[in-house]
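> Sequence:
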Amino acid sequence: MTPLMIGYACIGAMFVILILGAPIGLAMITVGFVGFSAIIGMTPALAVLKTATFETITNYSFTLIPLFLLMGNLISRSGVAADLFRGALLLTRGWSGGLAAAGMTASAVFSTVSGSSLATASTMTRVAYPEMKAHGYDPRLATGSLAAGGTLGILIPPSIALMLYALITEQSVGTMFLAGILPGILAFVLYIVTILIMSRIWSPDPEIAAQAIASEAEAAGPARRFETLRLFAPAIILFGLVMGGLYGNFFTPTEAGGVGAALSLIFALWRRVPRAELVAAFVETIITCGSIFLILIGAEVFGFVLSTSQLSNELVRFLDGSGFGPWQVLIVILVFYVILGCFMESLAMILLTVPIFFPVVLANGFDPIWFGVIAVVTVELGMITPPVGMNLFMVKSASRDTKLTTIMTGVIPFVVTDVIRLGILLAFPAISLLLTGRL
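Heads up: the sequence shown begins at 3 in our numbering, then just goes up one per residue.
There's no promise every hint is true.
[Stated by the list, open to error] Subject to a maximum C-alpha distance of 20 Å in a straight line, what follows is the list of computed DMTMM-like cross-link-like pairs (lysine to aspartate or glutamate):
hint: 1; residue 1: 398; residue 2: 133
hint: 2; residue 1: 405; residue 2: 57
hint: 3; residue 1: 405; residue 2: 140
hint: 4; residue 1: 135; residue 2: 403
hint: 5; residue 1: 398; residue 2: 347
hint: 6; residue 1: 398; residue 2: 172
Honestly, the hints are just simulated from the structure, not real lab data.
Let the sequences and hints guide you as you build the complete structure.
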């Protein structure tokens with residue numbers, strides 16, 4: 003077999019193994035090692051495997067991954083999500099669909115310290131869904147808005163997805179974070195508009211809502227409102243210190259992660275988070291890091307197959323000869339992302355596909371920072387697209403009494419909103435690039 007044929011065989015084997023449910027990191031390492039052995043030989047393949055493992059684990063740039071993950075895990079267990087929801091509720095009280103809007107607002111703020119779509123969806127569902135249910139909200143609106151709100155965690159800085167994209171494409175992490183801010187705000191605004199519209203179609207049960215509002219009015223008071231707003235502050239302060247220090251050139255992205263993790267630990271201790279929860283946060287960080295670094299090693303090994311087989315170059319030549327224009331090529335890539343995002347975790351998908359598509363994107367003259375935002379937004383879309391979007395199952399696991407079909411129905415308006423947002427970002431690249439100074 004020619005190296006190119008081996009490259010195609012490796013791509014096919016990867017997807018077969020993933021469909022069978024194998025861990026993506028192990029799949030990439032195994033397929034990459036076997037493919038590279040077939041092209042170059044066993045001894046060079048063993049050397050590549052050793053080198054890829056050592057260089058990935060000892061790469062200083064990758065240190066920021068566990069630091070930002072730890073920051074998000076500590077904050078998730080510090081009761082901040084509940085405080086954010088109560089604080090957001092003060093801002094949206096009296097709105098049509100106010101509780102759903104509060105859940106979306108809390109998700110947006112929580113995303114600034116979480117960086118994870120799945121964590122945001124799961125945490126905010128546990129906090130906000132019982133409250134919406136008590137107020138008689140239609141479960142379609144409640145669960146659909148929470149599933150969509152979770153996707154803000156993958157775009158609003160400090161996004162782990164944007165971070166990984168920057169690292170594997172050798173772009174600036176700080177620039178990628180800046181590029182995600184305005185698209186994240188756009189997503190939040192469009193989601194709020196969607197909630198205001200859908201709350202009039204899927205209106206709450208009037209009798210239950212009246213009882214809940216009466217009870218809430220008795221419990222609420224100026225002192226409690228002040229306390230809620232005071233507890234809203236830590237997430238904003240943490241985000242401001244970490245991102246402000248980063249963009250003020252006071253510290254590097256890795257140092258920003260260290261500052262964020264340290265402040266999160268101090269905040270967790272101040273809130274007297276139980277020792278078991280603190281240990282669980284560290285354990286969860288270790289497990290997640292192990293998974294991510296295994297994928298990073300796999301991506302490095304698999305990358306050798308792509309380069310030695312000339313698969314990426316062949317893909318560029320094929321698309322050039324197909325008669326497709328740059329935008330048609332981009333649409334094909336984005337459709338592939340949506341389909342893949344329906345059944346694959348976002349970080350794994352980015353690490354698997356970006357090494358393949360990135361040369362194609364550059365060859366067609368697209369800005370790599372802008373494409374990173376577009377790719378992440380498209381991944382978001384896949385994560386809430388029925389029937390197998392990952393966020394749908396996270397919301398289902400956090401609201402056990404809700405049928406999965408109900409969640410799928412509820413998320414459809416937000417899928418439409420995401421398609422509109424993607425169209426806006428494609429038509430106006432300046433939205434992503436304005437803050438980066440790349441216009």
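> Are any of the numbered hints broken by this structure? If so, which, sorted upward?
2, 6
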